[in-house]
Amino acid sequence: MVSPGLFQYADANRRRSVILIVVAVLLLGLFGLLLGEAVGRVPWIGLSVATGLALVLALTAWTQGGALVLAASGAKEIGKSADPELVNVVEELCIASGLPRPRIFVIDSQAPNAFATGMAPEKSAVAITRGLRERLTREELQGVMAHEMAHIGNRDTRVMVLMAVIVGSIAILADIYLRGMRYGGMRSKGKGAAPMAILALVCAILAPLAATMVQFAVSRRREYLADATGAAMTRNPGALADALEKLSTTDRKLESATRGTQHLFIVNPLRPRQTLNHVFATHPPVAERIRKLRALAGAR
Amino acid sequence: MASTDHPLALSLLAEIPMNLVWVAVAVLVLLWFVALYNSLVSLKNIGKEAWAQIDVQLKRRHDLIPNLVETAKGYMKHERETLERVIQARNAAVTATADPSKGPAAVGAAEAMLSGVLTKFLALAEAYPDLKANQNMLALQEELSSTENRISFARQHYNDSVRRYNTKREQFPSNIVKNFGDFPPQEFFEIEEPGERAVPKVSF
Numbered sequence: 002m003v004s005p006g007l008f009q010y011a012d013a014n015r016r017r018s019v020i021l022i023v024v025a026v027l028l029l030g031l032f033g034l035l036l037g038e039a040v041g042r043v044p045w046i047g048l049s050v051a052t053g054l055a056l057v058l059a060l061t062a063w064t065q066g067g068a069l070v071l072a073a074s075g076a077k078e079i080g081k082s083a084d085p086e087l088v089n090v091v092e093e094l095c096i097a098s099g100l101p102r103p104r105i106f107v108i109d110s111q112a113p114n115a116f117a118t119g120m121a122p123e124k125s126a127v128a129i130t131r132g133l134r135e136r137l138t139r140e141e142l143q144g145v146m147a148h149e150m151a152h153i154g155n156r157d158t159r160v161m162v163l164m165a166v167i168v169g170s171i172a173i174l175a176d177i178y179l180r181g182m183r184y185g186g187m188r189s190k191g192k193g194a195a196p197m198a199i200l201a202l203v204c205a206i207l208a209p210l211a212a213t214m215v216q217f218a219v220s221r222r223r224e225y226l227a228d229a230t231g232a233a234m235t236r237n238p239g240a241l242a243d244a245l246e247k248l249s250t251t252d253r254k255l256e257s258a259t260r261g262t263q264h265l266f267i268v269n270p271l272r273p274r275q276t277l278n279h280v281f282a283t284h285p286p287v288a289e290r291i292r293k294l295r296a297l298a299g300a301r
Numbered sequence: 468m469a470s471t472d473h474p475l476a477l478s479l480l481a482e483i484p485m486n487l488v489w490v491a492v493a494v495l496v497l498l499w500f501v502a503l504y505n506s507l508v509s510l511k512n513i514g515k516e517a518w519a520q521i522d523v524q525l526k527r528r529h530d531l532i533p534n535l536v537e538t539a540k541g542y543m544k545h546e547r548e549t550l551e552r553v554i555q556a557r558n559a560a561v562t563a564t565a566d567p568s569k570g571p572a573a574v575g576a577a578e579a580m581l582s583g584v585l586t587k588f589l590a591l592a593e594a595y596p597d598l599k600a601n602q603n604m605l606a607l608q609e610e611l612s613s614t615e616n617r618i619s620f621a622r623q624h625y626n627d628s629v630r631r632y633n634t635k636r637e638q639f640p641s642n643i644v645k646n647f648g649d650f651p652p653q654e655f656f657e658i659e660e661p662g663e664r665a666v667p668k669v670s671f
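These protein sequence lines are chains A and B, in that order. Under the working numbering, the first sequence has 196 at position 195, and the numbering climbs by one with no breaks. Under the working numbering, the second sequence has 482 at position 15, and the numbering climbs by one with no breaks.
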């Protein structure tokens, strides 16, 4: 394996993807066993439901992940004639980074935002909203697109899709269990089941929260790294800082973004003005990212 | 080798013929060697590819200039001399790139010359509002600024690749592996002419 110079986190992310899958399979399996046991002494049914669910979700994400996200956000692919400057900027960055050219999409929304997706660089896509596209100068556009290309080069998009699958599976399992409890159909029977039921209940409530916290912590870290890698690509950290400043002056939410896709965007599309760095934030505060970029620009 | 007072694990280990251990070690070293050798080959080729990419982008610039001059000709009637100089510099650059006997230094000088006259030409074009409003000219402007970026990014990417390859070449233990194949050091692309550093400012 050749160590990628610009994408120094790509190897780490590949390893992380493998570890994530292993840990997730184990955790999901345990969770399934526990819920199965609590429901009616049928741990193996719980186990197969859990693994089946994760398998279906992972398969969908792997084959359709990028297309689903793009379709959900109402993105439309554009060619060179529709926006020569945007296409040129992306192609220039492909030369700077040595990455294959991603498909380029525009989202018809005034909320300023952008994201990247795709399980492999060869199958990746970048998208930008019309609102952001119209506000940026060429240099700022380059900064934003370099951040997105950095996500692709660092294999962040893959890690984040895997994370979403894991969190999704846990949430769905917990939801099924809690609903079953509420309607009484899944009450445990027999002696000695009570402690198990309580344990399962606590797990069903806490596991999705814990999984989400881990997912968001990974996501926040990825954003800082993509800022740094993007700056190394353009050698112009100041331009991305300028663009982020423009992004942060809005209250406008991106209508088509959901809680499932929010972590993909360059700034959180549901809470664009978030200023606090708390455990349920998908992105670090924009002001902090700008400060770090300006420090990089000053150091040059 | 196995003696009776050894702990169980050690005596089990001693049961393994020493030859087998040496074979295992040799296989591991061989695999490691192959991995290092292959990564050197990959890095060398990435560098070569990056170098070729610079030429691709320079050619893109050469192809754009005749169109640019053709479009400007109708508007800039009093700048015939400048336009001719742009074309001359462009043709000189094309010749230098195509001639394998001329080294990278000659190509660099010709391209630097071209950048210089292009900058001058674009500065002059600023004085012609009709030309600036021409749709064809606007499109060419965008292509030209993109090409300038592509050239400098291609050079940046080449230097990044060279840095990685040369570092790998010099690091232990790949510095030993490199002697078993054709792995000469690669040269950085360096800007000799100060004019080359100043990428033509395209602003319309």
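Careful: at least some of the hints might be erroneous.
The calculated PhoX-like cross-link candidates involving lysine-lysine, where the alpha carbons are at most 25 Å apart (straight line), are [stated by the list, open to error]: (1) B:K526 - B:K515; (2) B:K599 - A:K81; (3) A:K254 - A:K77; (4) B:K587 - B:K544; (5) B:K587 - B:K515; (6) B:K515 - A:K81.
What the hints contain is simulated information worked out from the structure, not anything from laboratory work.
Results for each hint:
1. B:K526 - B:K515: Between K526 of chain B and K515 of chain B the Cα gap is close to 17 Å, so the pair holds against 25 Å.
2. B:K599 - A:K81: holds (22 Å)
3. A:K254 - A:K77: Given pair K254 of chain A, K77 of chain A holds - Cα atoms ~19 Å apart, limit 25 Å.
4. B:K587 - B:K544: holds (16 Å)
5. B:K587 - B:K515: With a Cα-Cα distance of about 33 Å, the restraint between K587 of chain B and K515 of chain B is violated, given a limit of 25 Å.
6. B:K515 - A:K81: violated (29 Å)
In terms of the numbered hints stated before, the structure departs from hints 5, 6, listed from lowest to highest.
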